[in-house]
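As they're listed, the protein sequences go chains A and B.
Residues are numbered in the working numbering as their position in the first sequence, beginning at 1, plus a constant of 340.
Residues are numbered in the working numbering as their position in the second sequence, beginning at 1, plus a constant of 46.
In case anyone wonders, no lab produced these hints; they're calculated from the structure.
The beta carbon of each residue, even a glycine, is placed where N, CA and C say it ideally should be.
Incorrect hints may appear among the rest.
Claimed, not checked - Okay, derived cross-link-like pairs now, SDA-like style, lysine to any residue, Cα gap no bigger than 20 angstroms in a straight line:
hint: 1; chain 1: B; residue 1: LYS517; chain 2: B; residue 2: GLY395
hint: 2; chain 1: A; residue 1: LYS365; chain 2: B; residue 2: ASN498
hint: 3; chain 1: B; residue 1: LYS497; chain 2: A; residue 2: LEU367
Said to hold, decoys possible - Ranges of calculated distance between the beta carbons of each label pair, as one might list FRET restraints:
hint: 4; chain 1: B; residue 1: ARG344; chain 2: A; residue 2: LYS364; range: 27 to 33 angstroms
hint: 5; chain 1: B; residue 1: PRO739; chain 2: A; residue 2: SER514; range: 55 to 61 angstroms
hint: 6; chain 1: B; residue 1: LYS237; chain 2: A; residue 2: SER518; range: 43 to 49 angstroms
hint: 7; chain 1: A; residue 1: GLN537; chain 2: B; residue 2: GLN697; range: 37 to 43 angstroms
hint: 8; chain 1: B; residue 1: GLU771; chain 2: A; residue 2: GLN537; range: 49 to 55 angstroms
hint: 9; chain 1: A; residue 1: LEU399; chain 2: B; residue 2: GLU218; range: 37 to 43 angstroms
hint: 10; chain 1: A; residue 1: ASN556; chain 2: B; residue 2: LYS236; range: 47 to 53 angstroms
hint: 11; chain 1: B; residue 1: GLU731; chain 2: A; residue 2: SER518; range: 49 to 55 angstroms
hint: 12; chain 1: B; residue 1: ASN331; chain 2: A; residue 2: ASN556; range: 49 to 55 angstroms
hint: 13; chain 1: A; residue 1: VAL443; chain 2: B; residue 2: GLU698; range: 30 to 36 angstroms
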Amino acid sequence: MKPKFGVVVFPGSNCDYDAYYAIKKILDQDVTFLWHKENNLDEANVIILPGGFSYGDYLRTGAIARFSPIMNSVIDFAHKGGIVIGICNGFQILLEAGLLPGVMLRNMSLQFVCKDVYLSTENRNTFFSNEIQIEKKAIKIPIAHGEGNYYASDDVLKSLQENNQIIFRYSDSSGKISDEVNPNGSLMNIAGIINKQGNVLGMMPHPERACDPVLNKTDGQFIFKSIINYLTN
Amino acid sequence: MKEPEVTLELALEHGLTEEEYNRVLKILGRTPTFTELGIFSVMWSEHCSYKNSIAQLKTLPRSGGRLLVAAGEENAGLIDIGDDLAVAFKIESHNHPSAVEPYQGAATGVGGIMRDIFTMGARPIASLNSLRFGSLSDARTRYLFDGVVRGIGDYGNSFGVPTVAGEVYFDESYQGNPLVNAMAVGIVNKKHVASAVAKGVGNPVMIVGSSTGRDGIHGATFASEEISEKSESKRPSVQVGDPFTEKLLLEATLEIIKNGWLVGIQDMGAAGISCSTSEMSAKGNAGMKINLDRVPLREDGMTAYEIMLSESQERMLCCVKKGYEDKVKQVFDKWDLNCEIIGEVTDDGLLHIDYQGERKATIPAFELVLGGGAPVYIREQKEPEYLKETRKFNQNTLPEPKDLNEAFLKVFSSPNIVSKRWVYEQYDTMVRTNTIVGPGCDAAVIYIKGKNKALAMKTDCNSRYVYLNPKEGTKIAVAECARNIVCSGGVPLGVTNCLNFGNPYKPEVYWQFAQAIAGMGEACRKFETPVTGGNVSFYNESPDTAVYPTPTIGMVGLVEDLSHITTSYFKNEGDIIYLLGEDREEVGGSEYLKIIHNIVAGDSPQINLNEEKKLQETLLNLIRKGLVKSAHDISEGGIAAALAECCIINQEKQIGCEVEIPVKSRKDFSLFSESQSRVIISTSESDSLKLEPELRQSGISFLKLGVVKGSSFKIKDILEIKLSELSDIYFNTIPKIMSGEE
C-alpha cells in the first residue's frame, strides 16, 4: 500500500506546493494538503511541515504556528509514533512545539542565505536516511533561511550524540566537516536531527528542492524514499 | 477638523503648476475641495500621469508578435507562450523611497510590482532587479546597498517568489540617488486573465487586503521631484511592506479571479484609492460612488484627503459581479483579510467620494487619468554640453599599461564585474522549484512545470554608454539583453522598460530621454520584441549629481525545448573555444578606461543591429542543433573578463583555458575593448567539425581562440593567471568590502 503524505499549509507557507509536487509528480505517492485551521489529518501516514514563513514570522520563527489547530493534531500524531518531517520553517516549528530539542538563532552572518550545500549523513539507520548508501559521502541539497543557526545546551547536545539523533551535518562534497562549510554557525554543523523515538525529523535543508531531475539535483529523493521504504516494507 | 482653503498657492505646494491648476478650475467649473486638490495633484503627478513621457513612449513598438495585451492597457503586458499560457511581466522603479529608507523602499518596490502581476490573474514565478549605487568605497553607499538587498530579499523570500536574475552597478553618478528597479514575471492561463476595469451600473466596489493608514501619503508626488536635503523629512512618504499579507492577498486574489466572480481588479500602488477608483472607472467609461466610512482604517481621525491619498501597501480594489459579494468575502475571510464593499459603479462617469455624511469630491474620472484629461507635454530638447568634451577623447593617446597581468586583475576586481554572489545568496533563488539556471549566468532560466519549456529572463543597461551616446547606448541595452537571452537558449519575446532619468524640465535631460526612446524603438523593432509596458522615473537628481540616464531593459524569452538550455561556463577539458563576432578596439565608455585610466569619455561602442540580429540567429540555430556547450556574451571588461568568467563561474568545476586573441593595434585594447555583438562559445572537438561549416555559411565573423584545459587562464603572449587567484577575486571582492576588510 502506498503511504499517504499530508502537507500542512500555514497561510505563509511557501514550500507547501513544492513538497506536494515532489511527492506527487516525482515520487508518485499519495499526498494531500492540510489547512492550518483544521484539525483533521486526513488519514495521512506522514506529515510534512513545509518551509516558508508560517504566520509571517515577524515574531520568532514558528512561534505562532505551534498554537494553530492543525499543530495540536500533529503533536498528538507525533506522540503516537507518527512520522513527521519539518523542513526549514517546519523544523523551527517542531522546535517551538517541543517535538525536537534546541532552538534556532539567526544565522551567524546575520544574513539570509540560499545556496546548495553538502550534508554528511551521520546515521543511516533511521526512517529518514535508510536509502542513503554508505558510498554516498555527501548529499547535495539547498538551504534557504535566515534563522538556521542551531543551538542547544551542552546536555542536549550530548544526549543528541549519545542517541545518534544527529542525522545530517553540513560538510564538503567529500563529507568532510569543517567551519568553512558551516553556512549558518550551527553547533557541530548540525543540519538535521530526529527525536529520541526516531519518528520526527527536523532539517534546515530543503529535500523537496532536490527531487526533480529537470533541476539537475536529485539527492533530496533519498529522504522521501527512505520514508516510503520504511512504510512499505 | 476644518480643511485648508484651496488657493493657487496651496495648489503650487501640491506640485501642480499654475496652468494645471487653471485646468482643474475649468474641469470642475469651481474651486476644488481640499480632497479634490489632493486627488488631482497625485493623479497628475509625473509618477501617475506620465505627462512628460507619454508622447515619447507612444513611438515605441507596442504591438505585434505574440503580444496579447499592449503596453498601458493593463497593469502589465501579456505575451502568448503557447499551451493556453501567457506570461505577464513588468519592471518598476522605487528609487526615491530607497534613497531615504533603503530597506522599506526596496521591499515595497518588490511588493508593488508583484501586485501588478497577480492583479492580471497571473501567478508570479520570478523576480528580478536592477540596482545602481554610488562608489562602494563610500560608507553611505554600503549602507544603502546592504539595506536595499535585505529589503528585496526579505520581501521576496517571505512572499515565496524566487529572485533569479538582475544586475548591480556602482558609479559615482548614483551617489545621492541610487536606482532600485524591480521586475516581476508571472504565468497565467489565458482563460483567467483579469482586467483593471469597473463597469456595470450597480456592481459593488470592494476594497480588499490591508487596512488603510497614513503611510505613503504623497509618495507619488515625492517620486516626482528631485532629491534634496529636505528629502530626509519625506521619510513618512515611504510605505512599509508586509510580505505575509501580500502572500495572503495573492492566494485570495487568484482564487476569486479564477472563479470568475470579478468584473475587474486593480492593485493600489501610487496614489492608492484615488488612482484605482479613477483608472478603473475611466477604463470602463463608468463612474463610482464611494463611501470612505466603509474603508477599514489603521488609525483614528483620518480625513478624506488622507484616505484618498494613502499608499498603504497590500491593498486591491475589486469590481465584483453583483450577487457574488458573499462568495468573494468568504475567500478573503478564509485568508483572514479585510474585504469591504465601499461603493458601487455608476453610469455618470463621475467619481463621487463621500465621508462622514459629506460629499468630499465629485470629479469626472476620465479627467484624472493618463489618456484622458491628464496633461501631456512635449518638452524642449537640447543636446548637453558635456558631449562636446566626451567626444573629443582619443583613445590612442592613452598610455599602455606595462604589466597587463596586473591591469587585468585590477579591471577584473571592479565591483561592476565581479560576482554578485554576496547579493543573490541573500535571495531565495530556488523556491517554487522551477529555477533551472539561477543567478550568475547570462540569463536566468525558469521551468514551466509540466511542459518541455522554460522562460529565460534578464535585465540590462550599461548606463555609461547611454550617458556618452543615449541613442546607441539604449540600442546596446536592448541588444545585450536579447543576446543574454539567446546565450541561454531562448528566443526573445518582449521588453519591459524602466526609464530612470533626471528632471525632464531640463532640455538636456529631455534630449537624453527622447534619444534613448528613439534608440530603444529601433532596437525593439529589429529584435521583434514589443515593449509591453514599464515605468518612467524622472527627477533622479541630487544636489551633487544627476544620475547617468538609465533606461533599464527587462526581457523575457522562451526556451522552446529544455534541451536548448545553455550556460555560460566551460564544461570539459579539450573543448574548443570560439569567438563569434568581431573586435573593433572600442574602449570608449569601457570599464577599462574607468578603472585603469579613471576616464569616462569617448563614444559608446558601435552597434549594428543587423549584425547583432544575425549573430543571435546563428547562435540560436547552433544551440538548437546541440553544437554549443557554453555561450557567454562579451560585455564589461571585454574578451579578457568574459573568458575568465567562463573558466570560474561554475565553482563546482572550474577549468582553465589556453587561447590566443587577435591584436590589431594594442594588446590592452584587444583585451578590454567592449565591442558589441560578440559571444564566446565552446564545443566538443568532434562537434567543432560540424560547427565551423555552419558558421562559415552564416556569414558572421568567427575565430577559433583555443582550448579548454588546465588550471590557469592563459592568453598567449599576454597574460597567465591561476584560477584560484581569479576565483578568489571574483567571489570574495564584494564580501570583503562589505565586511570592512578592504
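Hints versus structure:
1. LYS517/B <-> GLY395/B: violated (41 angstroms)
2. LYS365/A <-> ASN498/B: Holds, at roughly 15 angstroms.
3. LYS497/B <-> LEU367/A: Cα-Cα ~18 angstroms, so holds.
4. ARG344/B <-> LYS364/A: 27 to 33 angstroms: Once the Cβ atoms are compared, 41 angstroms apart, the range 27 to 33 angstroms for LYS364/A and ARG344/B is violated.
5. PRO739/B <-> SER514/A: 55 to 61 angstroms: Given about 44 angstroms between the Cβ atoms, the range is violated.
6. LYS237/B <-> SER518/A: 43 to 49 angstroms: At 54 angstroms between Cβs, range violated.
7. GLN537/A <-> GLN697/B: 37 to 43 angstroms: Given about 40 angstroms between the Cβ atoms, the range holds.
8. GLU771/B <-> GLN537/A: 49 to 55 angstroms: holds (51 angstroms)
9. LEU399/A <-> GLU218/B: 37 to 43 angstroms: holds (42 angstroms)
10. ASN556/A <-> LYS236/B: 47 to 53 angstroms: Taking Cβ atoms as reference, ASN556/A and LYS236/B lie about 30 angstroms apart, which means the hint is violated.
11. GLU731/B <-> SER518/A: 49 to 55 angstroms: violated (39 angstroms)
12. ASN331/B <-> ASN556/A: 49 to 55 angstroms: holds (52 angstroms)
13. VAL443/A <-> GLU698/B: 30 to 36 angstroms: Taking Cβ atoms as reference, VAL443/A and GLU698/B lie about 33 angstroms apart, which means the hint holds.
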